[in-house]
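Undergrad: Residue-level listing of the chains:
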Amino acid sequence: MTQTQPNLPKYISAGETPEQHAAFEARIAAGEKIEPGDWMPAEYRRQLIRMISQHAHSEVVGMLPEGEWISKAPTLKRKTILMAKVQDEAGHGQYLYHAAETLGITREEMIEALLTRKAKYSSIFNYPTTTWADVGMVGWLVDGAAIKNQTMLAGCSYGPYSRAMVRICSEETFHHKQGKEMIVLYAQGTPEQKQMAQDALNRWWWPAVQMLGPHDSDSPNTGELSRWGIKLKTNDEVRQEFINEHVPELMEAGLTIPDPDMHQDENGNWIHGPIDWTEFWAVIKGERGLGKERIATRQAAQDEGAWVREALEAYMARPKGEAAD
Amino acid sequence: MTAPTTTVTELNAAQTAALIRKLTALADDEIILAHRDGEWTGHAPILEEDIALANIAQDELGHAGMYLELRRELDGSDPDRLAMFRDAAEYTNTRFVELPKGDWAYTMLRQFMYDAYEALWLEAAQQSTYAPLAEVAAKAVREEKFHVQHTALWVERLSLGTPESTQRTQTALADLWPHAAQLFQPLEGEDELVKAGIIPNIAGVRSRWEALMVKHLQDKCGLRMSREAFPGPARENHTEHLAPLLAEMQQVARQHPDAEVW
Amino acid sequence: MTQPQPTQPHDTQWPRWEVFKQDSEKRPYQAIGSVHAGDPDHALVTARNVFVRRPAAVSLWAVREADILTATPQELVSTPDVLGVTGVAGLYHVGIKKSHKRSMTFVDLVGAVQATGPGDALGQAHEQHPDALAWLVFPDAAKVATDPDPGTVESWFAPATEKTYKQQQYYGTIGRHVGELKRSGQMPGRVNEHPHVGDQPAVKHNEEPVK
Numbered sequence: 001m002t003q004t005q006p007n008l009p010k011y012i013s014a015g016e017t018p019e020q021h022a023a024f025e026a027r028i029a030a031g032e033k034i035e036p037g038d039w040m041p042a043e044y045r046r047q048l049i050r051m052i053s054q055h056a057h058s059e060v061v062g063m064l065p066e067g068e069w070i071s072k073a074p075t076l077k078r079k080t081i082l083m084a085k086v087q088d089e090a091g092h093g094q095y096l097y098h099a100a101e102t103l104g105i106t107r108e109e110m111i112e113a114l115l116t117r118k119a120k121y122s123s124i125f126n127y128p129t130t131t132w133a134d135v136g137m138v139g140w141l142v143d144g145a146a147i148k149n150q151t152m153l154a155g156c157s158y159g160p161y162s163r164a165m166v167r168i169c170s171e172e173t174f175h176h177k178q179g180k181e182m183i184v185l186y187a188q189g190t191p192e193q194k195q196m197a198q199d200a201l202n203r204w205w206w207p208a209v210q211m212l213g214p215h216d217s218d219s220p221n222t223g224e225l226s227r228w229g230i231k232l233k234t235n236d237e238v239r240q241e242f243i244n245e246h247v248p249e250l251m252e253a254g255l256t257i258p259d260p261d262m263h264q265d266e267n268g269n270w271i272h273g274p275i276d277w278t279e280f281w282a283v284i285k286g287e288r289g290l291g292k293e294r295i296a297t298r299q300a301a302q303d304e305g306a307w308v309r310e311a312l313e314a315y316m317a318r319p320k321g322e323a324a325d
Numbered sequence: 326m327t328a329p330t331t332t333v334t335e336l337n338a339a340q341t342a343a344l345i346r347k348l349t350a351l352a353d354d355e356i357i358l359a360h361r362d363g364e365w366t367g368h369a370p371i372l373e374e375d376i377a378l379a380n381i382a383q384d385e386l387g388h389a390g391m392y393l394e395l396r397r398e399l400d401g402s403d404p405d406r407l408a409m410f411r412d413a414a415e416y417t418n419t420r421f422v423e424l425p426k427g428d429w430a431y432t433m434l435r436q437f438m439y440d441a442y443e444a445l446w447l448e449a450a451q452q453s454t455y456a457p458l459a460e461v462a463a464k465a466v467r468e469e470k471f472h473v474q475h476t477a478l479w480v481e482r483l484s485l486g487t488p489e490s491t492q493r494t495q496t497a498l499a500d501l502w503p504h505a506a507q508l509f510q511p512l513e514g515e516d517e518l519v520k521a522g523i524i525p526n527i528a529g530v531r532s533r534w535e536a537l538m539v540k541h542l543q544d545k546c547g548l549r550m551s552r553e554a555f556p557g558p559a560r561e562n563h564t565e566h567l568a569p570l571l572a573e574m575q576q577v578a579r580q581h582p583d584a585e586v587w
Numbered sequence: 588m589t590q591p592q593p594t595q596p597h598d599t600q601w602p603r604w605e606v607f608k609q610d611s612e613k614r615p616y617q618a619i620g621s622v623h624a625g626d627p628d629h630a631l632v633t634a635r636n637v638f639v640r641r642p643a644a645v646s647l648w649a650v651r652e653a654d655i656l657t658a659t660p661q662e663l664v665s666t667p668d669v670l671g672v673t674g675v676a677g678l679y680h681v682g683i684k685k686s687h688k689r690s691m692t693f694v695d696l697v698g699a700v701q702a703t704g705p706g707d708a709l710g711q712a713h714e715q716h717p718d719a720l721a722w723l724v725f726p727d728a729a730k731v732a733t734d735p736d737p738g739t740v741e742s743w744f745a746p747a748t749e750k751t752y753k754q755q756q757y758y759g760t761i762g763r764h765v766g767e768l769k770r771s772g773q774m775p776g777r778v779n780e781h782p783h784v785g786d787q788p789a790v791k792h793n794e795e796p797v798k
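Protein chains in written order, with this note's numbering: chain A, 1 to 325; chain B, 326 to 587; chain C, 588 to 798.
There's no promise every hint is true.
Quick list of simulated restraints, FRET-style, between CB atoms [unchecked claim]: (1) B:Asp544 to A:Glu287: 51 to 61 Å; (2) B:Ala528 to C:Asp628: 31 to 41 Å; (3) C:Lys613 to A:Glu287: 53 to 63 Å; (4) C:Gln754 to A:Lys120: 31 to 41 Å; (5) A:Arg318 to B:Glu573: 37 to 47 Å; (6) A:Ala23 to C:Val740: 42 to 52 Å; (7) B:Asp500 to A:Pro128: 53 to 63 Å; (8) C:Ser686 to A:Ala42: 22 to 32 Å; (9) B:Ala463 to A:Lys118: 48 to 58 Å; (10) C:Pro717 to A:Lys285: 53 to 63 Å; (11) C:Gln701 to B:Lys464: 39 to 49 Å; (12) A:Glu266 to C:Lys613: 47 to 57 Å.
No lab work stands behind these hints, which were simulated from the structure alone. All C-beta atoms, glycine included, are put in the ideal place defined by N, C-alpha and C.
Could you build the full structure based on these sequences and the hints that come with them?
TA: What follows is the structure, encoded as structure tokens:
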């Protein structure tokens with residue numbers, strides 16, 4: 001951490017001037033994208049590395065809860081679709097690590113930070129997936145909520161992050177729709193299928209509402225992130241968009257939203273009841289949920305892959321004459 | 326290329342039964358291998374390979390779907406019913422594909438051996454006198470050609486990488502080689518299909534495949550190969566690994582036997 | 588980006604290769620991202636696996652990150668030394684970023700120049716395209732490209748068009764479309780300017796968050 005200078009806001013790091021910051025903010029206000037070689041505040045770089053790597057880790061860990069169901073999908077088509085979806089999550093992690101790499105951190109360092117739990121990822125992926133319908137509900141709600149965030153970030157000021165997000169959004173809409181399709185079908189299926197869909201909604205509704213982040217009043221980084229065009233909307237605004245879009249469709253599917261206070265206000269917005277954050281924070285702190293297991297699974301993949309990565313390095317390092325032919 | 330002339334109405338009863346058997350065996354291999362590949366999603370040695378292997382697995386599942394759709398045209402059977410409601414004794418995949426996924430060397434080597442076999446079979450099957458099969462083969466062979474490039478590249482790098490990776494690849498080859506022979510055993514009635522030009526002669530595919538294996542595994546990768554021929558049991562005889570695989574794969578479908586939509 | 592420091596710690600994630608994809612014969616190659624891969628052939632196969640999960644592509648190039656030199660207008664002012672970076676003489680490909688509009692690609696490759704080294708190539712790129720928002724150059728010798736023969740194009744790129752289940756259109760409109768909900772008044776036209784928690788506003792815009 002750089003020392004803060006006296007009398008300057010803490011986002012102005014040592015060696016930086018208010019004039020540099022003003023010029024930087026003017027570029028953003030003019031709609032310019034910041035590219036890797038451009039001058040940027042140290043704090044902008046630090047916040048971006050934090051956000052982008054966290055985002056990448058979320059994609060990578062996010063492969064696990066749904067990935068478990070690839071082996072159990074009830075039809076060949078669903079198995080193929082789920083494989084493509086989980087594969088996309090690997091791809092999205094890959095794009096995002098690339099975006100973070102442009103800021104001067106290596107993928108090696110980021111993975112290390114994940115495995116030593118120095119870096120965070122979305123705690124939504126520490127919830128267990130207990131039935132097949134969870135695959136559909138995660139697609140509809142969790143991806144639905146994620147898309148809201150990603151669409152916003154596609155417009156962010158940092159070029160590589162924005163480009164990764166534009167690509168991710170173009171692919172992610174399929175995740176949302178396949179999940180929705182599943183749940184709508186099951187809600188009209190056998191009584192057992194309908195029950196499975198409702199159970200999944202009961203378990204995933206509040207985590208999905210919470211995954212868009214704490215209320216704006218409790219979100220410490222929002223100020224500078226919005227000043228720098230990284231975060232263009234507040235958590236509560238994004239949450240409201242998500243709820244407005246999903247509540248009518250869930251109701252139309254014939255499911256009951258597990259929030260007795262849910263109602264529409266005079267502007268047409270769907271207003272949720274008070275959110276119980278205890279579970280959310282307990283999962284983030286690792287007191288509940290599968291945080292330990294998720295990291296252990298990633299660690300195992302990392303360890304078991306070590307000899308493979310070494311093998312390719314050794315192959316690369318072979319004298320040219322030895323190249324097979 | 327000879328223009329395919331035979332149509333489904335011209336298949337006699339014996340040919341129909343034999344073709345159903347063949348299509349099912351082809352599909353079963355694809356389903357089980359794709360399942361094993363799918364076990365890597367989220368657990369591969371590097372992110373790029375999670376993506377790569379998932380591509381291959383999706384392609385193989387797609388091929389299974391195409392074979393089973395051809396079968397549906399012949400007997401009206403439902404592909405998903407076949408996939409999810411047959412027990413191990415009714416599955417006709419080879420042992421080669423049902424063996425546990427092993428390490429990355431085992432997975433890449435098995436996939437290479439399988440892709441090469443499938444690419445060669447499909448290349449020949451494009452000449453099928455049964456037009457629907459010729460069409461499917463023409464589609465699928467493109468994907469297999471890419472698979473072979475990818476997996477051949479991996480086998481080469483692992484074979485010529487570190488002493489550990491060489492050893493692992495060599496061990497995988499020793500384990501897998503005896504099981505590969507089962508891929509080339511003609512099924513009941515297959516001769517008749519070959520005579521009618523409906524499917525390629527598997528013996529011809531085998532000799533091309535063996536030549537390719539020697540060229541790549543021995544000459545290029547420096548692996549020691551057994552030249553012994555193993556006849557292998559009939560496809561109905563499985564190892565102990567298939568039943569638990571199916572129990573997992575079929576559990577959701579079987580918990581909801583009356584479900585009409587998924 | 589510019590040029591990586593040679594003193595980077597050992598990285599077991601393999602070198603990074605920038606990937607350039609051509610969507611059709613009539614389109615330029617575009618910088619779409621990167622892959623980590625062991626060697627040139629592996630980089631190309633990996634690029635195909637990562638970036639051609641969906642259509643469309645007819646050709647891919649991969650270039651080791653260390654062989655690429657980039658600059659933005661700001662960098663040319665702050666670190667003009669970049670124009671003096673030396674290297675092998677020869678043909679260099681030139682990419683430029685043209686706009687700040689939302690995009691999933693960085694630069695388009697717009698041509699090639701004969702240069703005495705990467706710095707010279709960058710300088711020529713700057714002269715030819717003074718209004719660009721970023722320039723990128725790499726030696727032709729550093730690129731590895733997919734085979735242009737029809738067989739390769741068919742097996743590497745064509746099948747992606749048939750993976751329709753990766754397209755959202757495949758799923759049709761299940762449930763009612765958002766547009767329909769809007770028209771029937773069940774969907775607010777825009778989100779509250781003032782998000783609520785229960786019935787209480789959560790934040791006031793342009794002010795500090797409510798404590």
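Undergrad: A separate judgement is required for each hint: does it hold in the structure or not?
TA: Consistency of the hints with the structure:
Hint check: Asp544 (chain B) to Glu287 (chain A), Cβ distance near 58 Å, so the stated range 51 to 61 Å holds. Distance hint check: the CB atoms of Ala528 (chain B) and Asp628 (chain C) are about 33 Å apart, consistent with the given range 31 to 41 Å. The hint said 53 to 63 Å for the Cβ distance between Lys613 (chain C) and Glu287 (chain A), and at roughly 57 Å that hint holds. As the Cβ distance of Gln754 (chain C) to Lys120 (chain A) is approximately 32 Å, the hint placing it in 31 to 41 Å holds.
Taking 37 to 47 Å as the suggested C-beta distance range, the pair Arg318 (chain A) and Glu573 (chain B) conforms, at roughly 41 Å. Checked against the given bound of 42 to 52 Å, the beta carbons of Ala23 (chain A) and Val740 (chain C), roughly 47 Å apart, stay inside it. At about 35 Å, the beta-carbon gap between Asp500 (chain B) and Pro128 (chain A) misses the expected band of 53 to 63 Å. Distance hint check: the CB atoms of Ser686 (chain C) and Ala42 (chain A) are about 28 Å apart, consistent with the given range 22 to 32 Å.
Checked against the hint of 48 to 58 Å, the C-beta distance between Ala463 (chain B) and Lys118 (chain A) comes to roughly 52 Å, which is consistent with it. A beta carbon spacing of about 54 Å between Pro717 (chain C) and Lys285 (chain A) agrees with the range 53 to 63 Å that was offered as a hint. At about 44 Å, the CB distance of Gln701 (chain C) to Lys464 (chain B) agrees with the hint of 39 to 49 Å. As the Cβ distance of Glu266 (chain A) to Lys613 (chain C) is approximately 53 Å, the hint placing it in 47 to 57 Å holds.
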